[in-house]
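The lines below spell out each chain.
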Amino acid sequence: MTPPDDTGAGGRPARAPGARRLTGHRLFWPAAVLAALLLGNVALTHDFLAVRVQNGHLYGSLIDILQFGAPLILVSLGMTLVIATRGIDLSVGSTVAIAGALACEHIATAQDPGSPGTVTSAIAVALGVAAVIGLLNGFLVARLGVQPIVATLVLMVAGRGVAQLITDGQIISVSSSAYKMIGGGYWLTLPFAVLLAAALVAVTSLVTRRTALGMLIESVGGNPVASRLVGIRAAGLLVMVYVVSAVCAAVAGLMISSNVSSADGNNAGLWIELDAILAVVIGGTALTGGRFSLGGTVLGALIIQTLSTTIYTLGVPPETTLVFKALVVIVVCLVQSPAFRARLSRRRRPAAPDPAPAGARRQEVHP
Amino acid sequence: MSTTLSSLTGPLQRFSVRHAAHVPLMVTTALLIAMFSIGSLQYEGFFSAQVLLNVLIDNGFLLVVAIGMTFVVLTGGIDLSVGSVVALSTMLTAWLVERNGVPLALAVPLVLLVGAAGGALMGWVIHTFEIQPFIVTLAGMFLARGLCYMISTESISLTDPTTARIAQTRVLLPGGLFVSPAVVIALVVLALAFVVLHHTRFGRTVYALGGNESSARLMGLPVGRTKIAVYAVSGLCSALGGLLLTFYMLSGYALHAVGMELDAIAAAVIGGTLLTGGSGFVLGTALGVTVLGLIQTVISFQGTLSSWWTRIVIGGLLFVFILLQRLFGGARTAE
Amino acid sequence: TEPATTGTTGKGSSDGKLVLGFAQVGAESGWRTANTKSIREAAEKAGITLKFSDAQQKQENQIKAIRTFIQQKVDVIAFSPVVESGWDTVLKEAKNAGIPVILTDRAVDSQDTSLYRTFLGSDFVKEGQEAGKWLVKEYEGSSAPVNLVELQGTTGSAPANDRKAGFADAIKGDPKFKVVASQTGDFTRAKGKEVMQAFLKSHKDIDVLYAHNDDMALGAIQAIEEAGKKPGVDIKVISVDGIKDAFVAMQEKKINVVVECNPLLGDQLMDLAKKVAAGESVPRRVEVKEGVFTQDQAAAALPGRQY
Amino acid sequence: MTAPPTPRTPPRTDRPVLEAHGIRKAFPGVVALDGVDLRLFPGEVHALMGENGAGKSTLIKVLTGVHPPDAGTVSVDGSPQRFTEPLEAQHAGISTVYQEVNLCPNLSVAENILIGREPRRLGLVHWSALHRRAAQLITELELDLDVRLPLSAHSLAVQQLVAIVRAVDIKAKVLVLDEPTSSLDRDEVAQLFALVRRLRDRGAAILFVTHFLDQVFDLCDRVTVLRNGRLEGEYRIDELTPVTLVHRMVGSELRTLDDLAETSHTGTTAASESADAPFLSARGLARTGSIQPYDLDIHRGEVIGLAGLLGSGRTEAARLLFGADHADGGELRIDGERAVLRSPRAAIAHKIAFCSENRKAEGLIGELTVRENIVLALQAARGWTRPLSRTRQDEIAARWTEVLDIRPADPEAQVRNLSGGNQQKVLLARWLLTDPELLILDEPTRGIDIGAKTEIQRLVTRLAAEGTAVLFISAELEEVLRLSHRVGVLRDHRLVATLPNDPTLTPDRILGTIATGATS
Ligand SMILES: Nc1ncnc2c1ncn2[C@@H]1O[C@H](COP(=O)(O)OP(=O)(O)OP(=O)(O)O)[C@@H](O)[C@H]1O
Ligand SMILES: Nc1ncnc2c1ncn2[C@@H]1O[C@H](COP(=O)(O)OP(=O)(O)OP(=O)(O)O)[C@@H](O)[C@H]1O
Ligand SMILES: [Mg+2]
Ligand SMILES: [Mg+2]
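Chains as they are written, first to last, in the working numbering: chain A, 188 to 554; chain B, 55 to 389; chain C, 17 to 323; chain D, 11 to 530.
Errors might be hidden in some of the hints.
Calculated pairs, DSBU-like style, for lysine-lysine (alpha carbon to alpha carbon, straight line, at most 30 Å) [claimed, not checked]:
hint, chain 1, residue 1, chain 2, residue 2
1, C, Lys220, C, Lys245
2, A, Lys367, C, Lys33
3, C, Lys108, C, Lys33
4, C, Lys260, A, Lys367
5, C, Lys269, A, Lys367
Please keep in mind that the hints were generated in silico from the structure rather than gathered at the bench.
Chain A on its own, in the form it takes in the complex:
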């Protein structure tokens, strides 16, 4: 997974004029892909982009994409930071399930399920437990030096069991309008989940980019040895990103369970870690750590959610869904690959005068 660091391919154009600067922007290609997907939908379903007001809130496919995409955005958000440190967090799916289960269990057994107090304490419990999960992951990775993938695998496996233990293997339904607000409610005509996700993204980017946190994380991910010698407290940072990741996943878990007013220990957040990692990678953050892009991650998550919605709207039969998804993923990553684009443009443009006659090349090579 080591990117070749001695070739110029990875370099960002420093000063490219006009269109070059635009296409050179790291968010350009993910954004282009998202736009293309949306336009493709419009071509097939004409009112795909139409948004109207219904029951006092906005209604339409775009709103659905945002609303269902919100949990994925959150999980990917935390995942981005973890990946930036060269880590990976497989336990987010389980954390999603645990958070939903804890909150719903708390509300379902409370005297007054609808009261804001109950909901607040439910949220507090869920986030608190998530923080503990994050601490445990962080401890294993930062203090014991366990490889992140195994460290978080432990909680990925056990966590889902814990979620089921909390729900006793059942699906816990709750009826609490206050709780419903988190994932299914509307505020200022917009889904509350979307606003919440947007707020968390904004806070995270502010905290990482306005403080030195982002740079230090990138440094630890980019070169751990050098970071230690520069005096960065890597252990603290690592623990922090795993906690952030778990808490983000927990908020996502609250959203998901709130949206359907029930907690499903077994299925909530199943495989969301893969989608989240995919979103991060599509967004331009490398799994090898270092530079990360929160904006890219949000775009990546939206691409994935749009793709799902597209599949439902197009009526792609379930048997072919995966093939379709595979093709889109391939196209997305090819489009994003500078090497691919370079090849394409080389082919399209008349080849630069090649001083070496093609045939002469091999002959001369000495054994």
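Once you've looked at the hints, dock chains B, C and D with the ligands against the given chain A.
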């Protein structure tokens, strides 16, 4: 001028430097033995060689798949497609043999070819377009599973009596013990992989690639070829694992081996292979597979756990295992 | 065929109790959990030692579990196959070890019928057919086209395949029924809601929803309500399983009909296990009691629902 | 660009073994090479000279297939070639040591030397033959290493030698060496030169990049000079003097070579300072397996040089003072207080800075920008909650880019795209910025051109004059002598002597001390 470090690095130290990488292996083995002993004390019928052999019988296909994964992980890559390729191989075999009457002797090489070619294709894309292996193999994972569904959403049984006979053949060992032919195949693959990784130029290039890819390129090693080959090996191993699974289950099914990629990665990593590449042993992977299998066996023997406690205990045992592994073999802490 | 019933009681346990090894599919749904619970409670009541193993929805894990049961020399093995095929090898090992096998919940397609003693369970195809039959009856007499959407279970899983096939079979005679969209909802509420929401955007005139299980139906109902329509009236809802929440929804007139798939087969299983272990002959196939519930029956049935 | 006044070398009778013509290579934002020609004849040692960032390494990478050129031709033995992989260049008989050590740290020394052409038997690697062969090659350079140890167990200088051994082994027509001597001692350099001469006499062509003028005059026959990515000219070495050569490289009246003399000083100030309590004092500080117990006092305003042979333990002694490795014996006092340095962070809190010799692995964060790399240590010390404002960062980056003449002067360039020498400057800037009380410089002038070297030496002198304590490690004894007040001499991982730098202290005396291991 003659450098002087030899005066300092005494034989003992040299030994420890040279064999530092083996320590985790030994620790893992010791922990495995401990786990087996505890199981034997705890459960009736556990202390028997057949229990261990059953771990192999039930995980032979996983071992083969994990070996392929080890190649990829050693170069610093990852292959998420293995589980789906396993499923595709079972499906393809069953479909060819059952629905199309292709003789088994033809179907088997065909399936192996499909697996290897698929892997090579992914490797080619990864190398040529410099795309992260994670996405490319994830796409491969979707594609292979999707192809399974396109063949059929139902499971296809292999009803051919020869196939059944092969599947039910038991290789008898002294002492009334037995293993399946799949175990023999898996062990042969293991031995082959060991030789390839440690005693061929290709294998050493795999390690070099994992050590530092750009250096490997500057050293004039065939980076592209090796990368493609590694994914081809992984694809081939997955296809072979799929064939073993086909015989194990006597059926092809699109939902076989869901999540096996994680098991394979976990086995390799528990066995001491670094996910960042360049360090690890294929024998460690075999130990890793055994660890995972033994944990499952212990839980089956326990037999009173509810579904959720099953998961919690699997996670807990894994946790204890890696914790002990770190404590006793923690020479290579990532600082 | 007379299987080798050398199974003498008490091999696997020291206190002379009958030992039953049960390999469960997993705990993927409330239905499954109720199934497990029923079996556990029944075993306790019947004085049978239960060795329970959870396969987390994977066939290979179930096979492994059966193998450890053989290793532990249990008296009877029972399991709910994840899929129909692929059991011959391990069942043969059980047979060679002289351990009788009972299938629950779903059959296997083995040619060699001596590999298991009896089958206790439901018929998913029949459930789909029941759902279809209700629909055909509901629209009897009208000739206006009926637009259906279908929420399928996990792609490739047996209940999804069978319930789809049974339903399609029941409605195929009448061209007015048209399935306008069919997509998997993975048997979960969240997915059910998400997919239904997309259906509602892309198809303006949906008349009927057929969901392969209650959870997806319950999720879809929320989507229908959020789209400003009335589930059960504007869009008729047909569902399978019969969990308590579905009965509640039925009572609120949001679901029109639920085809029951009964998970509570513990007692019947224990009976069979005892008989099989004792070498008594048992019927090859035992059906569990299941019904079709409509809205007017919901209120009456609700208090009796255990899961 | 004006044509060089000096006439070109008279054309030889034999044709060049390697010829490049009109090479152009642009990276996004930078034109690294523009119309560069190069000719290499069999049996010559050809120097490639230029300032940091002039394009030397890029030219080498173009010649050997690492980078495809944007324009121009490369021909070998008169026939045009288009290498797309270093492998192809190797097959064509071009063997290269690139500037940074490019080997695999996880493999053994022997494998690093021979991988790709290891001896085989029945298709399998013949391990014992491999080890034997590697050991033999190592001894040819008069090195003594356990070739079975992983490369990462060896110091950077050893790794560099291993890279050379690897390249030399190939029966190469052309050997390209990009700054192979930058962290080597005299002796290794002498060994290397002997080897290079042997190869030359065998008819190989050697392309040699270095910033050491004396080495060029010592070894080379001809020289090609690059300036700002353009060809300045090709000269016979006997046509040039050091001053004219520098003039060609720099292009203008240089900040003269003679400046160097001015910066040198003898231990006059040291005597007065040493009366004070030392800033740092180590007593019996040791680490098993890496350095024997040693005593060392460093006063404010004092420059202490460390001298020793390759692998004598200079780096390892210094790492203990920075907490980079954990000392397992002895004690350390800082300003009279006992201090236990558990991590570099603790040392930094005591205002100690350590500039590592291994900039690629231990220094820079390749992906980050020049600006970020420069402010990193300062920022880490402040903690993430107290960020340096962007304006502050920009100011800092601009200032240090100018002071150290980092090129390109673009603080937003990714540091991994900088030339080796410029990377080194970034690393220096990072630590100078933290305003340390004790500055540990491990080979700070590695790969730095003469102009910048003078600048850095001047900086060190100035810092010391302002009261900073400096520990200066360099493979170049002259440099150590020029700057230090006292010189610590290491041998076999033991500090054998600390010599005051009075006029009697000469490189030869230090070498004598190293040889005998006794204070003289
Ligand atoms: N991959 C790259 N991407 C962008 N710019 C690059 C890249 N490689 C080199 N450069 C730029 O090309 C120019 C020439 O660099 P090069 O490494 O060839 O210099 P050099 O002469 O070897 O210097 P030094 O003496 O410091 O090693 C520099 O300005 C450098 O920043
Ligand atoms: N873990 C280790 N095992 C064996 N030898 C080691 C180990 N670590 C370091 N060494 C050896 O100890 C020697 C001391 O290294 P150090 O870097 O301190 O030397 P130095 O004096 O700075 O010389 P230079 O940097 O020029 O090689 C190195 O040559 C290295 O080979
Ligand atoms: Mg250079
Ligand atoms: Mg050193």
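Taking the hints in turn, this is what the structure says about them:
1. Pair hint Lys220 (chain C) plus Lys245 (chain C) holds up; C-alpha atoms about 11 Å apart against a cutoff of 30 Å.
2. As the CA atoms of Lys367 (chain A) and Lys33 (chain C) are separated by approximately 50 Å, the hinted pair breaks the 30 Å bound.
3. The hinted pair formed by Lys108 (chain C) and Lys33 (chain C) meets the criterion: a straight-line CA distance of about 25 Å does not exceed 30 Å.
4. Proximity of Lys260 (chain C) to Lys367 (chain A) is assessed by CA-CA distance (about 21 Å); at most 30 Å being required, the pair is judged to hold.
5. Restraint check for Lys269 (chain C) and Lys367 (chain A): the C-alpha separation of about 22 Å stays at or below 30 Å, so the hint holds.
In this structure, only the earlier hint numbered 2 is contradicted, and the remaining ones agree with it.
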